[in-house]
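Novice: Heads up: the sequence lines are chains R and Z, in that order. Residue numbering for the first sequence follows the working numbering, beginning at 6 and increasing consecutively. Residue numbering for the second sequence follows the working numbering, beginning at 30 and increasing consecutively.
Calculated directly from the structure, the hints in this document are not laboratory data. C-beta: ideal position from N, C-alpha, C; glycine also. One should not assume that every hint holds.
[As the list claims (entries may be wrong)] Taking lysine-lysine pairs in the DSS-like style, the calculated list, with each CA pair at most 27 Å apart, reads: (1) R:Lys43 <-> Z:Lys87; (2) R:Lys63 <-> Z:Lys193; (3) Z:Lys193 <-> R:Lys43; (4) R:Lys43 <-> Z:Lys226; (5) Z:Lys195 <-> R:Lys63; (6) Z:Lys87 <-> R:Lys41; (7) R:Lys64 <-> Z:Lys167; (8) Z:Lys136 <-> R:Lys174; (9) Z:Lys167 <-> Z:Lys258; (10) R:Lys256 <-> R:Lys234; (11) Z:Lys195 <-> R:Lys43; (12) Z:Lys195 <-> Z:Lys226; (13) Z:Lys87 <-> R:Lys174; (14) Z:Lys82 <-> Z:Lys193.
[To be verified] If you want a taste of the chain R side facing chain Z, the calculated C-beta under 10 Å gives, among others: (15) Asn9; (16) Ser11; (17) Leu15; (18) His18; (19) Val46; (20) Val70; (21) Gly73; (22) Val74; (23) Gln77; (24) Asn78; (25) Ala87; (26) Lys91; (27) Gly104; (28) Tyr170; (29) Leu326.
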Amino acid sequence: MKLNPSMHLLDLHLPEMKKIATRNAFGEALVEIGGKDKNVVALCSDVAGSVQFEAFAKKFPERFVQVGVAEQNLASVAAGLAYSGKVAFIGAFAMFSPGRNWEQVRTTICYANANVKMEGSHVGLDVGEDGATHQALEDIAITRCLPNMTVISPCDHQETRKAVYAAWKTPGPFYIRCTRNAVPSFTTQETPFEVGKMNVLAEGSDIAIISAGRCVCESLLAAEKLAEKGVSAAVANMHTISHPDAAALEKLARTCGLIITVEDHQIVGGLGSAVAETLSEIYPVRVARHGMRMKFGESGKGSEVLKKYGLDAEGIAKLVLEEMKR
Amino acid sequence: MKGTTELALMANTLRQDIIRMLLPAASGHTAGPLGMADVFSVLFFNEMKFDSKKPDWKERDRFVLSNGHICPVLYSAMARAGYFPVEELMTLRKLGSRLQGHPSMAKLPGIENSSGPLGEGLAIACGMALAARMNGEKHRVYCATSDGEHQEGSTWEAVMLASKYKLDNLVAVCDRNYIQIDGNTEEIMPLADMAEKYRAFGWHAITVDGHDIGALLHAFSEAKKTKSKPTMIIAITVPGKGVSFMEKDYKWHGKPPNAEEAARALAELEAERAKLEASKAEQAHTSKEAKA
Chain R
6 MKLNPSMHLL
16 DLHLPEMKKI
26 ATRNAFGEAL
36 VEIGGKDKNV
46 VALCSDVAGS
56 VQFEAFAKKF
66 PERFVQVGVA
76 EQNLASVAAG
86 LAYSGKVAFI
96 GAFAMFSPGR
106 NWEQVRTTIC
116 YANANVKMEG
126 SHVGLDVGED
136 GATHQALEDI
146 AITRCLPNMT
156 VISPCDHQET
166 RKAVYAAWKT
176 PGPFYIRCTR
186 NAVPSFTTQE
196 TPFEVGKMNV
206 LAEGSDIAII
216 SAGRCVCESL
226 LAAEKLAEKG
236 VSAAVANMHT
246 ISHPDAAALE
256 KLARTCGLII
266 TVEDHQIVGG
276 LGSAVAETLS
286 EIYPVRVARH
296 GMRMKFGESG
306 KGSEVLKKYG
316 LDAEGIAKLV
326 LEEMKR
Chain Z
30 MKGTTELALM
40 ANTLRQDIIR
50 MLLPAASGHT
60 AGPLGMADVF
70 SVLFFNEMKF
80 DSKKPDWKER
90 DRFVLSNGHI
100 CPVLYSAMAR
110 AGYFPVEELM
120 TLRKLGSRLQ
130 GHPSMAKLPG
140 IENSSGPLGE
150 GLAIACGMAL
160 AARMNGEKHR
170 VYCATSDGEH
180 QEGSTWEAVM
190 LASKYKLDNL
200 VAVCDRNYIQ
210 IDGNTEEIMP
220 LADMAEKYRA
230 FGWHAITVDG
240 HDIGALLHAF
250 SEAKKTKSKP
260 TMIIAITVPG
270 KGVSFMEKDY
280 KWHGKPPNAE
290 EAARALAELE
300 AERAKLEASK
310 AEQAHTSKEA
320 KA
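Use the sequences and the hints to build the structure in full.
Specialist: Dropping the structure here:
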């Protein structure tokens, strides 16, 4: 497998590769942006520490609103601030925002096309120990169906920073899903990032693995394993799930003829659905969706739970070989 | 700013508009808008500061309607205040109209928030009040709510926040009409003493007769003087107020009048208007005599 040089990725096996949770990256970018723009406000629902809004709260207390355990209020108060000209960042566990407050997100944020930027943290099986109640596996499905909403699932530290900056600079609602656990920081400042543009991280001709979020790195590692078995797998990062990059998807479909999508989310309504919907309209090829197969998760270390459900490099590689045999 | 009789006359105008616009709309809510006509008359023609020709004027007071289904009274007040032509009221709920079945801020300039889903307006108003404070702006935020939507837990999330942040630039009105779609509030899900509930949450609460213009004016002025806490005005209203066969009947919560009912309703409202005009003439006469 050969990494696409124009993507400026780090060697995946670099011993000094840092691992950072993307929720930390969100908080880091937020506090920087707070320093650049006095119009930026941040709101939290009793999880400022967990979603990494504490630095902002400490540095800009007059622009931080703590709403308590009240995600519905979180969304609508942020909307009111946005209607008054603020850029409102809200952070919570994805399970509760947009999980619990979906209708507020729809009516007060999306219908109004309000300048509210949502961080949904603690997504997917990656959450681990807290178990099924806290593992948001449906958040993409319920956000990407909303008009005006941009949904981004960044793959690591640098990409999350870029997504937060893009959200700040682009008017309208954003939903950025972040991991609780540390993931390898394999992209760099030079790695391109454009909302709605898919990045092809590794070229290949037998199959294209399309992924997003914390599964991107695992997909690259899977492609390495596949290369050892003589399979040439392309790997693409479709971070903007709400706006599938149709041209890039068609190109991959034409080259490889077979697609597999990989996500830490239910296979219904997420990245896999977005890819299948898009390709079925412009260039139908077989799209195999890999992710959570309409089940609830369970407790365990995040890495263990992901492995159990085949979302580690080994599981992805195994599935690719199975799909190629079909 | 208008005097109490003029405000009562305006409320009568709003009520007639409501009946007239609901007839061609052939769907929508009747009782709530009629019940809130006096409150809207006071808000739009005495209390709030705005420029209907410049809906985006930065220093305007913000008006957040939380229970969006009573929008006929809002549309009527806005038209009478000059936001758009009165004739446009007749487009309510029609395809292509700016007067959506529930208010849409994207469609109609002057609408501060899209609403309809209950239990959201107060939270939006809190956000606006917080923004005004952060910006050091002097305008006030007004929020109209219904009693029924206090069954939504989200309402209480906002009630707590307004109290925590001591939002004294926020004043809310609750249309306490004791009805909701399925029946009477106290049978469906009792709300009991709402003013006491608000006081327990740290608000200043005032209970008034929602049809007593003088009492409403006084309540809003008291709210303005109240510092370091938000104010809730519980306006006890008669749903369907002004139309005898609609008053206090929950069946009129969510249905429009037919042609015959509309004619009867308008006749009653005209009779009421004649009385108000007569009393206004009498007042003018008395004051002239007093001057002489």
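Novice: Okay, which hints does this one fail, numbers in order?
Specialist: 4, 14, 15, 16, 17, 18, 27, 28 and 29
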